[in-house]
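Novice: Below are the chains, spelled out letter by letter.
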Amino acid sequence: MNSRLTKLSAVILLTVGVIVLLSPLNSQWLNWYLAFNSTLLKLIVDLTRVSLIALLLAGLLSPFESLGWWAGWYGDGIETHIPATIPMNLSAKSSSLPQPSRYIIYLDGISQSSADYPKRVQNFLNTLAAALPSDMVFIQDIMAYSALNRPLTIQRPFARVWRGINHIETWNANSPLDIFVNLRNTFQVAVSTDNRYGPVFNRGTAQVILNSLRQRGYQPGEPITLIGYSGGAQVALGAVTYLKYALDAPIEVISISGVVSGNNGVALIDRLYHLKGDRDLLAQLGAIMFPKRWPIMSWSSWNLAKVEGRVQLISLGPVSHSGPSGPIDPVATLPNGNSHLGQTMDIVMSILT
Amino acid sequence: MLLSSQFLTWNELISQDSFTHLWALVRGALALNASTFERVHTEPHSLLAALTIVFLAGLSQSLSQIVVLFINQVRPLRFVLSLLISALFFVVGYGFWALSIWSILNLTVDGQLQFVSVLRTLGFSYAPLMLGVLVVFPYFGSAIFVLLSIWTLLGVVIGIDAITTVSRWEAFESAAIGWTVVQLLQKTVGQPIATLGQWITNWVAGEDLITNRARLAEELYAGLRFSRGEPAPGQQSPQPVSTDRAEELQRIALVGKAARSQIGGQISGQISGQISGQISGQISSQRKREPTERER
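The listed protein sequences correspond, in order, to chains A and B.
The first sequence begins at 1 in UniProt numbering and counts up one residue at a time.
The second sequence begins at 1 in UniProt numbering and counts up one residue at a time.
Okay, chain A solo, but in the shape it has when bound (with noise of 0.2 Å):
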């Protein structure tokens, strides 16, 4: 009770010294706010402002998770997302099924908020765990955008608002809510790619996949590929680093529609397949956006692992970053005939097997 009053008053603190901070900047603002005659208009800019307070106040709390659990203020653990049975046919150890040949990890989008992924997001990866051959293991539930494995519907202060955004997104598929979710695990993206608090989230994340290796019966040295989906692909990355470091084994990255920074992890990686559409914005932003992707940086990780082939960019045509458009829709076709969903999974497979 007493941490969550202190949690409380921490951001009611934060909320008040901003405000009050950028109260200097307001005098021009102000003039301009009083002219306004329209009610509806003054209501709209007044929701407007509320919202980019809020907005920024998010952005500036959202490096305090993974730097909390470095620092040990939320206990002494790192809670570990651990489904109650492993099933047999994932588990290595549970069986004399051979030596597992590969790991395979997914680390799911922006819209990720708790084990439970969106229909489309789990068809594909049913579709895929049904294509992957039986020696090797899948696994699929990692949170990650947290580096306290922890979902967005558990144990968190907002936890019944993000209950809440699930429960109508439930109900209604094309609800703009999700905008929120997106949100806030984008800042996480952020938090990954900054130089300041990025190593801090990277190690927490690849600690969280450890740990799930783990209680898959990894064995040291065997192969490990990430598959991250948008966010999720700079995720992935990031724990590259400390993955390398803790297993010595082989590691590759599929990154769909992948927004990656090109700073964490790239130096390490063994391959990168970098799958982008043509008509994905949001991709094309990460190569804008990261400096270490310019191809005037010719010196950074990010270019040098293309000379070197180790980064290889793959075009999956007409297709857009996420929703029926998106790289993994199973309705969409290409004019080619064959869904985006089932060229994402002959790409995805050519490379694992």
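Keep in mind that the hints are not guaranteed to be accurate.
Unchecked claim - Label-pair distances were calculated between CB atoms; the ranges are: (1) Ala-217(B) x Arg-279(A): 30 to 40 Å; (2) Ala-217(B) x Pro-157(A): 28 to 38 Å; (3) Gln-198(B) x Pro-223(A): 45 to 55 Å; (4) His-21(B) x Leu-52(A): 22 to 32 Å; (5) Glu-308(A) x Gln-65(B): 28 to 38 Å; (6) Arg-213(B) x Leu-52(A): 51 to 61 Å; (7) Arg-279(A) x Thr-180(B): 20 to 30 Å.
To be verified - What the simulated footprint calls covered on chain B by chain A, stretch by stretch (three residues with Cβ under 8 Å from a Cβ of chain A suffice, anywhere in the stretch; the number is not a length): (8) 64 to 71; (9) 133 to 142.
What the hints assert, rightly or not - Stretch by stretch, here's where chain B covers chain A in the computed footprint (C-beta under 8 Å, at least three residues): (10) 64 to 74; (11) 178 to 191; (12) 199 to 205; (13) 242 to 254.
Since the hints were made in silico from the structure, they are not lab data.
Cβ atoms here follow ideal geometry from the backbone N, Cα and C, with glycine treated the same way.
Given the structure of chain A, go ahead and fit chain B onto it with the hints provided.
Specialist: Same frame as chain A, but now just chain B:
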């Protein structure tokens, strides 16, 4: 006596007029308005306002360094105290810079310039750094900090230009030379003061803070590979495995913190030299780091 007139009584402080008035000055300083820096000297409470601005700027400055405190695993209360102490040191640093600029200007150009005038001007020119809370923002924070620092430097130059007869370039030179002198003094005759400052910082944090960037990065590798971390409650026991590397893997820390307390003190500086074959036999002899106060 001169200084006492600069401070507000409580009643004055809460009176909206004086607060609003000072806030208007802050806005002027933010807008790099030269006339604001002239007006500052006619305001009765402007020195207190200047010191407050510098303290808030100092807090911002320390916010840009919070990751150091987090990686060092400083506890929440000590974390807050560390920020406050860091802000206070920032105010002291500002005092030295003001003294340095005042000395240079007095010796070279304007023999009549009052020290308090430089204090006020320099203090108000720190106003952009009050927005420094934004440096916490992920990814964009570092760029914001650079922008705010340049904005502040422009404020300093315009401020000095406004209160003296020197040109803009001379104002810039006096600020730059003043800053360099402070840095040189800090590294030479000021070393005992710097050491005392470091001692106080460590004392408040409750441990010897690691501040070196490379060593901070190395800290994060602690416990990744070779710790004897016990399974967390509800965690499955590690599977028995045969090879040495497998044994190492089984020891992968479940808890970064617990692992760090086992080998953290030793691991820094050794990462590059650690190879898998060496470690398995060494774990039992790895000494524990001296527990910090909070760990006791």
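Novice: Please list, smallest to largest, the hint numbers that this structure does not respect.
Specialist: Numbers 6 and 7 - these are the hints that the structure violates, sorted from lowest upward.
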